[in-house]
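*Asks:* The lines below spell out each chain.
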Amino acid sequence: MSDVPTNHWPKQPASAAHRPVTTESPGFRVALIAVVVVFLALLLFAPLVAVFAEALSKGAVEAIKSLANPEATSAIKLTLIVAAVAVPLNAVFGIAAAWFITKYDFRGKALLITLIDLPFSVSPVVAGLCLVLTFGANTAVGGWLVAQGYPIVFALPSIILASMFVTFPFVARELIPVMIEQGKAEEEAALTLGASGWRIFFTVTLPNIRWALLYGVLLCNARAMGEFGAVAVVSGKIRGQTATMPITIEMLYNEYLSVSAFSLAAVLALLALVTLTLKTLLEWRFADQLAAANRL
Amino acid sequence: MSRPLINRSPLPGMALSAGITLTLLSLVVLLPIGALLLRGATAGFPALWHEVNTPRIWGALFLSFKLSLYAALINLVFGVALAWVLVRYRFPGRRLLDAAVDLPFALPTAVAGIALTALYAPNGAFGSIAKDLGFKIAYTQWGILIALIFVGLPFVTRTVQPVVEEIEREVEEASATLGATRAYTLRRVVLPMLAPAAMTGFALSLARAVGEYGSVIFIAGNIPLKTEIAPLLIVIKLEEFNYTGATAIGIAMLLISFAMLLVINAIQVFSRRRIGYV
Amino acid sequence: MQIEIDHISKEFGATAALHPVSLSIPSGALVALLGPSGSGKTTLLRILGGLEFPTAGRVLFDGSDATNMTVQDRRAGFVFQSYALFRHMTVFENIAYGLRARSRAQRPASAEIARRVTKLLELIQLPDIGARYPSQLSGGQRQRVALARALAIEPRMLLLDEPFGALDARVRKELRAGLREIHDTTGLTTVFVTHDQDEAMELADLVVVMSMGRIEQIGRPQDIRAKPATAFVREFLAI
Numbered sequence: 000m001s002d003v004p005t006n007h008w009p010k011q012p013a014s015a016a017h018r019p020v021t022t023e024s025p026g027f028r029v030a031l032i033a034v035v036v037v038f039l040a041l042l043l044f045a046p047l048v049a050v051f052a053e054a055l056s057k058g059a060v061e062a063i064k065s066l067a068n069p070e071a072t073s074a075i076k077l078t079l080i081v082a083a084v085a086v087p088l089n090a091v092f093g094i095a096a097a098w099f100i101t102k103y104d105f106r107g108k109a110l111l112i113t114l115i116d117l118p119f120s121v122s123p124v125v126a127g128l129c130l131v132l133t134f135g136a137n138t139a140v141g142g143w144l145v146a147q148g149y150p151i152v153f154a155l156p157s158i159i160l161a162s163m164f165v166t167f168p169f170v171a172r173e174l175i176p177v178m179i180e181q182g183k184a185e186e187e188a189a190l191t192l193g194a195s196g197w198r199i200f201f202t203v204t205l206p207n208i209r210w211a212l213l214y215g216v217l218l219c220n221a222r223a224m225g226e227f228g229a230v231a232v233v234s235g236k237i238r239g240q241t242a243t244m245p246i247t248i249e250m251l252y253n254e255y256l257s258v259s260a261f262s263l264a265a266v267l268a269l270l271a272l273v274t275l276t277l278k279t280l281l282e283w284r285f286a287d288q289l290a291a292a293n294r295l
Numbered sequence: 000m001s002r003p004l005i006n007r008s009p010l011p012g013m014a015l016s017a018g019i020t021l022t023l024l025s026l027v028v029l030l031p032i033g034a035l036l037l038r039g040a041t042a043g044f045p046a047l048w049h050e051v052n053t054p055r056i057w058g059a060l061f062l063s064f065k066l067s068l069y070a071a072l073i074n075l076v077f078g079v080a081l082a083w084v085l086v087r088y089r090f091p092g093r094r095l096l097d098a099a100v101d102l103p104f105a106l107p108t109a110v111a112g113i114a115l116t117a118l119y120a121p122n123g124a125f126g127s128i129a130k131d132l133g134f135k136i137a138y139t140q141w142g143i144l145i146a147l148i149f150v151g152l153p154f155v156t157r158t159v160q161p162v163v164e165e166i167e168r169e170v171e172e173a174s175a176t177l178g179a180t181r182a183y184t185l186r187r188v189v190l191p192m193l194a195p196a197a198m199t200g201f202a203l204s205l206a207r208a209v210g211e212y213g214s215v216i217f218i219a220g221n222i223p224l225k226t227e228i229a230p231l232l233i234v235i236k237l238e239e240f241n242y243t244g245a246t247a248i249g250i251a252m253l254l255i256s257f258a259m260l261l262v263i264n265a266i267q268v269f270s271r272r273r274i275g276y277v
Numbered sequence: 000m001q002i003e004i005d006h007i008s009k010e011f012g013a014t015a016a017l018h019p020v021s022l023s024i025p026s027g028a029l030v031a032l033l034g035p036s037g038s039g040k041t042t043l044l045r046i047l048g049g050l051e052f053p054t055a056g057r058v059l060f061d062g063s064d065a066t067n068m069t070v071q072d073r074r075a076g077f078v079f080q081s082y083a084l085f086r087h088m089t090v091f092e093n094i095a096y097g098l099r100a101r102s103r104a105q106r107p108a109s110a111e112i113a114r115r116v117t118k119l120l121e122l123i124q125l126p127d128i129g130a131r132y133p134s135q136l137s138g139g140q141r142q143r144v145a146l147a148r149a150l151a152i153e154p155r156m157l158l159l160d161e162p163f164g165a166l167d168a169r170v171r172k173e174l175r176a177g178l179r180e181i182h183d184t185t186g187l188t189t190v191f192v193t194h195d196q197d198e199a200m201e202l203a204d205l206v207v208v209m210s211m212g213r214i215e216q217i218g219r220p221q222d223i224r225a226k227p228a229t230a231f232v233r234e235f236l237a238i
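Residue numbers (numbering that gives the first Met the number 0), protein chains in the order written: chain A, 0 to 295; chain B, 0 to 277; chain C, 0 to 238.
In case anyone wonders, no lab produced these hints; they're calculated from the structure. Treat the hints loosely; a few may be bogus.
[Said to hold, decoys possible] Okay, derived cross-link-like pairs now, DSBU-like style, lysine-lysine, Cα gap no bigger than 35 Å in a straight line:
#1 A:236 with B:225
#2 A:57 with A:183
#3 A:57 with B:130
#4 A:57 with A:108
#5 A:57 with B:135
#6 A:236 with B:65
#7 B:130 with B:65
#8 A:236 with B:135
#9 B:225 with B:135
#10 A:64 with B:130
#11 C:172 with C:226
Please read these numbers as outputs of a predicted model, since none were measured by experiment.
Work the whole structure out from these sequences, hints included.
*Replies:* Structure (structure tokens):
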């Protein structure tokens, strides 16, 4: 029993001579804060400001007009379709994988977790390459599918697959630690009370993991909508058909249509800001229900 | 004693959850990666080596790795400093700063790429200052370095932050009562405690940078042997329909990623065994 | 070393942890600060060690004012309740830490450091554990290593915060005897904080009973037991 709670950090030093022994000198602190603030300002905040500044460089009217042209609208539509398919599929996968990994005991669990995490360490371009080599028109599978009239590569399915690949671990990674922490006692209790499997899931498990699920879905969605490298390889970049928002940004930028490119970029930057805001709010509000230690 | 493949459980849903997990994992991840490896095996090592063994490709691989290493080192230093500042110091705007650290995760890489280019190009806000000083950033290796620092920025901070939060105040006080100055305490007690997490973050940041494409290609200039990164070469090979060439570079990069995954795991196993936590 | 606590008070924000308290500790004494949690005993110990600074009042070491002396200059061997061993260092490195942290001019040669560490390991009767890490030790062993680490700097006094708090009853008894022995061999003025009256009464020459940031009674164990000064003391000691 200690009289002073030792996990509480002194907020403000009483005076220079009597500052707590676990703090640095005020000069050092100010200098270090200044260094990281300048570093982040140059590297994080400046680019963000630049996106909006470039988008609005010819006025707001021009920016909005550029978003209304057919190329931009079809890109926005395509990106929304891709996210609408890829994100729910990955959410279902994440829930199933987390349930399978945390509720049962089986051999090879560590390997399974490693394989689920694999997409994080594979370059998006390599991911795209893998898909081209699997489903491309000159492969056995891809050739047959093209002959049946269902091309995968240079078409919507490959864009969805590429987006799923790069965002594959997001939901599972958020749910697994949370569900490990919660154990399976509550589900087992529900089972003894006669609840069915789906009933247990919807009335016991889901309420416990909903904020972690939302958190994972949020990150998954942001990444899926913004994915560039993998989609660039598999999409074929066909204007109006397979050009997602990031791909269209590249094409517009390379054609020196700066305002159009940056206006579209500003839309994605806004999405990123909304994502960050919601994510931060979730962290503040539901810190105890999120896998806080594993936030990557 | 071998334990059974699967222990029986009363909880329902095992077949369904296992089915969904393994089907999607196979279809989305394993099958494509398998196709890459199969393609490589069919082509054979000599053919792959022949494709990789050109100055342009070695140059790109070396450049990607070198600049990623520098970027990860810079992120290591700033990431640790940033984690320390965010946990230990109180100042206005701290929570905003904390939230902003994740921006590189949330901002699409293509957006980051054109934004950094707009800033650091010779006619951009920072680029023009550099130009007056006789210095070029965008379309040089400096530009690539800045883009790679950007994408790797959150990793070290986010792995180190929880460890800083868990340091017991008494450990630092003990060091002071033993006569150590604050600087000595930071160097000999605090930094070694942060080291395993910092190294994990460093390796993650490095792995991310080596494979990065979107934020780099705009600012790089993409001049062979000078500012051409390895992922770009895969795209170029594919555009030339040289699938064996693309496969060769792809496998080389995959091997680099696997090696780094192993390193990350080794760090965690080592530090857990020795000091009982990561 | 003789310690004089002269009207020390301590406030954390609006709450007073210590009302002005005064206490004189003779050189070489073994003193227990006894009281329930929240009585201010740990705060007082931390003020002696230089980990907290009093809001008002003075601390005198051998008659000279040490109130504003930094923790590094005090050379107080401090043993923390959690032991606060450095987990990434071996036992040897832990004990050598204070010597190695000295400025170049005052640092002993590495052979001398090794000799002193070996001697301390013998003193705590754990001669063979120098190469181990704290995570490989039992609770009782960790406590003794923390004590050896504090002794390595040749402290002017020994301050211990609930030194046996985290241990089971059998080990506690053993280590009590060990602390008494070390105190007697080194002759160091020793102050320890405890909420366990048996521990205080059995081990200390002088017991200081505290409650709510005030000293209720100062005296030899037998005197306190014979003549409890206040109702609180009577109740706390269940006399």
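*Asks:* Work down the list of hints and note, for each, if the structure agrees.
*Replies:* Hints versus structure:
1. A:236 with B:225: Roughly 27 Å separates the two Cα atoms, so the pair holds.
2. A:57 with A:183: Violated, because 58 Å separates the two Cα atoms, which is more than 35 Å.
3. A:57 with B:130: holds, 25 Å
4. A:57 with A:108: violated, 56 Å
5. A:57 with B:135: OK: residue 57 (chain A) and residue 135 (chain B) at ~27 Å, within 35 Å.
6. A:236 with B:65: OK: residue 236 (chain A) and residue 65 (chain B) at ~31 Å, within 35 Å.
7. B:130 with B:65: Since the Cα atoms of residue 130 (chain B) and residue 65 (chain B) sit roughly 25 Å apart, the hinted pair holds (cutoff 35 Å).
8. A:236 with B:135: Within the cut-off at roughly 31 Å; holds.
9. B:225 with B:135: This hinted pair holds, its Cα atoms lying about 14 Å apart.
10. A:64 with B:130: holds, 34 Å
11. C:172 with C:226: It holds: about 26 Å lies between the C-alpha atoms, which stays within 35 Å.
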